[in-house]
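Visitor: The residues making up each chain are set out below.
Number of protein chains: 2
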Amino acid sequence: MARSIGRLLKGFHGLSTLPELGVQLNHLPTCVSLRTASVRTKVALSLPFPPKPRDFSLPNSSWGPEMLGLYEHYNSLCEVETEGGEKREGPWQRLPSYNRSLKYATGGVYLSKIIQSKARLFTRNMRDPGAAFEYVLFVNEGEQRCVCIFQAGHLLEGPPGHVHGGAIATMIDTVTGTHASQLSEPVMTANLNINYRSPIPLGSTVLIESCVDKKEGRKTFISCKVTSTDGSKLHTDATALFLSIGVSHLLLRE
Amino acid sequence: MARSIGRLLKGFHGLSTLPELGVQLNHLPTCVSLRTASVRTKVALSLPFPPKPRDFSLPNSSWGPEMLGLYEHYNSLCEVETEGGEKREGPWQRLPSYNRSLKYATGGVYLSKIIQSKARLFTRNMRDPGAAFEYVLFVNEGEQRCVCIFQAGHLLEGPPGHVHGGAIATMIDTVTGTHASQLSEPVMTANLNINYRSPIPLGSTVLIESCVDKKEGRKTFISCKVTSTDGSKLHTDATALFLSIGVSHLLLRE
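Quick note, the sequences are listed as chains A and B, same order. Taking full-length UniProt numbering, the leading residue of the first sequence gets 1, the next gets one more, and so forth. Taking full-length UniProt numbering, the leading residue of the second sequence gets 1, the next gets one more, and so forth.
Treat the hints with care, as some may be off.
Repeated chains share a single entry, so a pair holds when one copy, or any two copies, can fit it.
Dumping the calculated SDA-like pairs for lysine to any residue here, alpha-carbon to alpha-carbon at most 20 Å [said to hold, decoys possible]:
#: 1; residue 1: K233; residue 2: E86
#: 2; residue 1: K219; residue 2: L241
#: 3; residue 1: K215; residue 2: E86
#: 4; residue 1: K215; residue 2: N195
#: 5; residue 1: K118; residue 2: W63
#: 6; residue 1: K118; residue 2: H154
#: 7; residue 1: K214; residue 2: K225
#: 8; residue 1: K118; residue 2: G130
#: 9; residue 1: K215; residue 2: L95
#: 10; residue 1: K219; residue 2: R197
#: 11; residue 1: K225; residue 2: L241
#: 12; residue 1: K118; residue 2: C211
#: 13; residue 1: K118; residue 2: P201
#: 14; residue 1: K233; residue 2: N99
Since the hints were derived computationally from the structure, they do not count as laboratory data.
Produce the complete structure using the sequences and hints provided.
Guide: Written out as structure tokens, the structure reads:
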């Protein structure tokens, strides 16, 4: 049970960045116990979500051949076959993605006043496939690497025909934050330092790759680059700093 | 005529950031001449926009009292009355804001292949008032300052109940980039360095203030902070570097 919550919170990466909480939502029981330090509180989740919310990380009709091809490549590495024909987990793992964060607790009472029913995850707030952020994340725990395949929709425009610098920053925060949260506790973004090298045309597919530089106490340092899918063109590079945080204050009412 | 184009391009701030081009679109004639260095080309604009597109910088029903109060304060400083009762421009200027970039030229031919008809400005891509980015920018040329009043809608969620770090980065890029483009030529974002100090609750209104640190050749250095509306709480601070660019290649077909 505690492990379920731990896994849930592992996806939560902070107070100024993106939680991919939905990833664990399907695994949550409707009533779970949470133990933190010296306090144990029952948290009842009256899940207002459909039993199987839409997983935005799966292919849809808007994905172009480049996006689909890369998805299939990394997805094929998520499961490998042994010599004996047995299937087991591969080196990569696809991270599902939903448009909601955690919502209710304690029998319908809000988990806290800051968790609002109408809220939607910034990168998943559009129903129209292909219009904005189309992306899927794969993580390789062994190599401490994360790869995101990102197709930029026409509603992300900044300068004519190109992706807005803020939309690029949003994807960098998403990828590095999700990566940092996979490594340990929930985290919050403390710093993003982004160099814009070359503009990204609307409609194009790019790769966003992150790797862990170091961990020091509560700090996780991650670097990241955005390139063309063949890696030949560098669009953006960035460093990110995340701080591990306690989140019990978000879940508990005392 | 050349001045009209100059004013048009002044609003365009780069290849990885946000142009507020619509601001001058109403003033453009349907056929204008553009002189750049040694080339003079006729650029005909078959404006596919309604004559008066929606100006997103004007109040709507979603604006809360804090947003409205601040808007009225800065708006009142855009026009002052002399002792003789005459009205004239004040120290501040409100910047109109639209959801499109420049689209067509030369009698219906695309300005360039990179300018797409369906594209919408990232920060103005929602029709629903209050759902995402509600903001208005005021600029004070004399003091080289820019102020943005920003109300964060429920579709900008990152961590539960709080604004996504990418949405904050988007607003910082928008404000600093618009500010840099007001000072000189069109610019592109070269670097954003953002420190996240304190999370911003969804639905709240904050102030984003930018000031010019220095200009060196093609470079403009701007710093920026995001605070509560009374200035007592620092949410985010950032520095930004912009490079002046030539944009004739976006407008001309040879």
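Visitor: Could you work out which of the previously given hints the structure breaks and list their numbers from low to high?
Guide: 1, 3, 9, 12 and 14
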